[in-house]
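Number of protein chains: 2
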Amino acid sequence: MNTRKKTKKVKVGNLEIGGGSPITVQSMTKTDTSDIDTTVKQIHALEKAGCQIVRCAVPDKAAAEALKEIKKQINIPLVADIHFNHMYAVMAAEAGVDKLRINPGNLGDPDKIKAVVDAAKDHQIPIRVGVNSGSLEPKIKQKFHGHVTAEGLVKSALNNIHILEKLNFTDIVVSIKATSVPMTISAYQMIAKKINYPLHVGITEAGIPRVGSIRSAAGLGAILSQGIGDTIRVSLTSDPLEEIRVGYEILKALQLVYHGVTVISCPTCGRSDIDVIKIATEIEERTKNIKQPLTIAIMGCEVNGPGEAADADVGLAGGRGVGLIFREGQVVRKVPEAEMIEALMDEIESLAIN
Amino acid sequence: MNTRKKTKKVKVGNLEIGGGSPITVQSMTKTDTSDIDTTVKQIHALEKAGCQIVRCAVPDKAAAEALKEIKKQINIPLVADIHFNHMYAVMAAEAGVDKLRINPGNLGDPDKIKAVVDAAKDHQIPIRVGVNSGSLEPKIKQKFHGHVTAEGLVKSALNNIHILEKLNFTDIVVSIKATSVPMTISAYQMIAKKINYPLHVGITEAGIPRVGSIRSAAGLGAILSQGIGDTIRVSLTSDPLEEIRVGYEILKALQLVYHGVTVISCPTCGRSDIDVIKIATEIEERTKNIKQPLTIAIMGCEVNGPGEAADADVGLAGGRGVGLIFREGQVVRKVPEAEMIEALMDEIESLAIN
Numbered sequence: 001m002n003t004r005k006k007t008k009k010v011k012v013g014n015l016e017i018g019g020g021s022p023i024t025v026q027s028m029t030k031t032d033t034s035d036i037d038t039t040v041k042q043i044h045a046l047e048k049a050g051c052q053i054v055r056c057a058v059p060d061k062a063a064a065e066a067l068k069e070i071k072k073q074i075n076i077p078l079v080a081d082i083h084f085n086h087m088y089a090v091m092a093a094e095a096g097v098d099k100l101r102i103n104p105g106n107l108g109d110p111d112k113i114k115a116v117v118d119a120a121k122d123h124q125i126p127i128r129v130g131v132n133s134g135s136l137e138p139k140i141k142q143k144f145h146g147h148v149t150a151e152g153l154v155k156s157a158l159n160n161i162h163i164l165e166k167l168n169f170t171d172i173v174v175s176i177k178a179t180s181v182p183m184t185i186s187a188y189q190m191i192a193k194k195i196n197y198p199l200h201v202g203i204t205e206a207g208i209p210r211v212g213s214i215r216s217a218a219g220l221g222a223i224l225s226q227g228i229g230d231t232i233r234v235s236l237t238s239d240p241l242e243e244i245r246v247g248y249e250i251l252k253a254l255q256l257v258y259h260g261v262t263v264i265s266c267p268t269c270g271r272s273d274i275d276v277i278k279i280a281t282e283i284e285e286r287t288k289n290i291k292q293p294l295t296i297a298i299m300g301c302e303v304n305g306p307g308e309a310a311d312a313d314v315g316l317a318g319g320r321g322v323g324l325i326f327r328e329g330q331v332v333r334k335v336p337e338a339e340m341i342e343a344l345m346d347e348i349e350s351l352a353i354n
Numbered sequence: 001m002n003t004r005k006k007t008k009k010v011k012v013g014n015l016e017i018g019g020g021s022p023i024t025v026q027s028m029t030k031t032d033t034s035d036i037d038t039t040v041k042q043i044h045a046l047e048k049a050g051c052q053i054v055r056c057a058v059p060d061k062a063a064a065e066a067l068k069e070i071k072k073q074i075n076i077p078l079v080a081d082i083h084f085n086h087m088y089a090v091m092a093a094e095a096g097v098d099k100l101r102i103n104p105g106n107l108g109d110p111d112k113i114k115a116v117v118d119a120a121k122d123h124q125i126p127i128r129v130g131v132n133s134g135s136l137e138p139k140i141k142q143k144f145h146g147h148v149t150a151e152g153l154v155k156s157a158l159n160n161i162h163i164l165e166k167l168n169f170t171d172i173v174v175s176i177k178a179t180s181v182p183m184t185i186s187a188y189q190m191i192a193k194k195i196n197y198p199l200h201v202g203i204t205e206a207g208i209p210r211v212g213s214i215r216s217a218a219g220l221g222a223i224l225s226q227g228i229g230d231t232i233r234v235s236l237t238s239d240p241l242e243e244i245r246v247g248y249e250i251l252k253a254l255q256l257v258y259h260g261v262t263v264i265s266c267p268t269c270g271r272s273d274i275d276v277i278k279i280a281t282e283i284e285e286r287t288k289n290i291k292q293p294l295t296i297a298i299m300g301c302e303v304n305g306p307g308e309a310a311d312a313d314v315g316l317a318g319g320r321g322v323g324l325i326f327r328e329g330q331v332v333r334k335v336p337e338a339e340m341i342e343a344l345m346d347e348i349e350s351l352a353i354n
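Read top to bottom, the protein sequences are chains A and B.
With full-length UniProt numbering, you'll find the first sequence wraps up at 354, consecutive numbering, no jumps.
With full-length UniProt numbering, you'll find the second sequence wraps up at 354, consecutive numbering, no jumps.
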């Protein structure tokens, strides 16, 4: 694991992105933004799930007009996602959103770009330049023989950044997402060497959760483990709450956040004679609301069992119909299989309330 | 993405690991190995799911005695996993298994280790040295203040390798798995610099699939994208078929294998007015048995939609109640929402049979 690259610190509402701040987890609403009640309800659900920054698409005037009321009713920073029409971006800034996601290059002539940048300056909000493989400028694609490439994505981002910098605007966050995981990894590696702005990282359009969570984890695992990335969004074709859960699981796996229970459990093999799948599944379910970082090991045999169980906060090392329960490295009980789950829960709950 | 590190090529049955061979996907049976029928049935299911190498635990004499018959009834290389008792390893080699997984250091005195190595030489099978955080030697742990560390895991692997090399045995595969994802990443980075033997990579005891698939993908994504790793095993507390599915999804995401359909689908947002979740989920389900590598893009709006749809083999870019169907970059049809799934399937099936 590389140490995290030090980027510029950018304020988004009451949060900070970059400059060594904790990596934040974002999502995007999937409602019609102009339907204020439904959108606010989804944002409240996202807040409860741990979403730290939320983005809404602003594809029309009604959506832009809804932002002020949405902002009033929610508790986390709000980002307006705008393409093509610069007036919606100006309206969003005036409505009090906390960040704009635009690609200056697709807003039209320089006057329009300047109007958006002036609005962002007036309201002291940052702009995310968000390049995406699905909307790379045709003239850049042509340069690379008609293909979307990591180099092309980086070039597009640098062009957009340059437009903002020429207007003396440097309150910038950058993303360069591709559907191809290797292309996304390469693009972030390249841009991290070229700029110091904080990076918003994700695999775009990763798919339905069963597959998209794996694609996202593989890509973000590669990028974040290299010290690259300041805020993440997992893009799944699903309820946005699933994006938050997967985002935190990725950060927890990489030990970039510490919260909640991590259940380590053996895959079971010919050595195991306790039902590890049943015990691990039930413990995972019964501990999902614990916020405190705890590691629980559920192990079926004597090969790795005692070692992992002793290393965890609470552990079970199964044997011939009986299991040793460990707590903070010490064996505290020996129980038959029927009592294993309750014995583990007793120890977990006693640690979780301390 | 780094280019793959060139390692020594090792033969495992009719397959090769390392030296630029395609990365193989392994799993392990979760049955009692001595129950031949149940074990063979599970291996046949694994073969059908694409498992390329299968491992069985050999914890007792009955398991060792079952290997010959199991080997006879299956079609993929068989690996015997042995701890502590060297005789089971000798029996496994004589039974015709294709690889041994042992840690020489835990087999006891030098005569016993030599007996196993002689058996491996006689039967021309390789040995995997498989170090695991749960069973790291106490004397190495002590060296690192009582903790399991990446350095300690690497030291254990090197010690075990050295024992084999001193006996002139170099037909070696190495793994060093930890439950901690960052520790596993660090350990593989370190060992890849020190040895040239092929590496078997995995996150040990990753947990139940919902979490374990994410932990495995984050870790393997980091390791494989650095060019490290010759064969993988995803360790999930679940049916082993799920380990195979997740293993292939990770390799597909990283474009290290090309097979089957990849559905790229947008997360949907306030811009989308077709039901992307429903369409993507159904297309994913209906294309899961296609072996040919095909990319299908299912996109809800005009921002990234046309770009991704045109870049895929078959694509849908949704708009106001209608969608454009793309095939190999060209718009081939314009259909109302009710006909989108069938129109996509028509194009997919016509490409899949060509």
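Be aware that one or more of the hints could be misleading.
Cross-link-like lysine to aspartate or glutamate pairs, in silico, EDC-like; alpha carbons within 16 Å at most [as the list claims (entries may be wrong)]:
no.	chain 1	residue 1	chain 2	residue 2
1	A	LYS6	A	GLU16
2	A	LYS278	B	ASP239
3	A	LYS139	A	ASP122
4	B	LYS8	B	GLU165
5	B	LYS278	A	ASP239
6	A	LYS288	A	GLU349
Rather than coming from a laboratory, the hints here were simulated on the basis of the structure.
Next on the checklist: Run the distance test for LYS8/B versus GLU165/B: straight-line Cα separation, threshold 16 Å.
Outcome noted: It holds: about 14 Å lies between the C-alpha atoms, which stays within 16 Å.
Item to check | 16 Å limit on alpha-carbon distance, applied to hinted pair LYS278/A and ASP239/B | outcome: holds, 12 Å
Checklist entry - CA of LYS6/A to CA of GLU16/A, is that 16 Å or under? => result Distance of about 13 Å is within 16 Å: holds.
Next on the checklist: Check whether the Cα positions of LYS288/A and GLU349/A lie no farther apart than 16 Å.
Outcome noted: holds, 12 Å
Checklist entry - Taking 16 Å as the top limit, are the C-alpha atoms of LYS139/A and ASP122/A close enough? => result Not OK: LYS139/A and ASP122/A at ~33 Å, beyond 16 Å, violated.
Checklist entry - Under the criterion that the straight-line Cα-Cα distance not exceed 16 Å, is the pair LYS278/B, ASP239/A satisfied? => result With Cα atoms ~12 Å apart, LYS278/B and ASP239/A stay inside 16 Å; holds.
Checked against the numbered hints above, the structure violates only hint 3.
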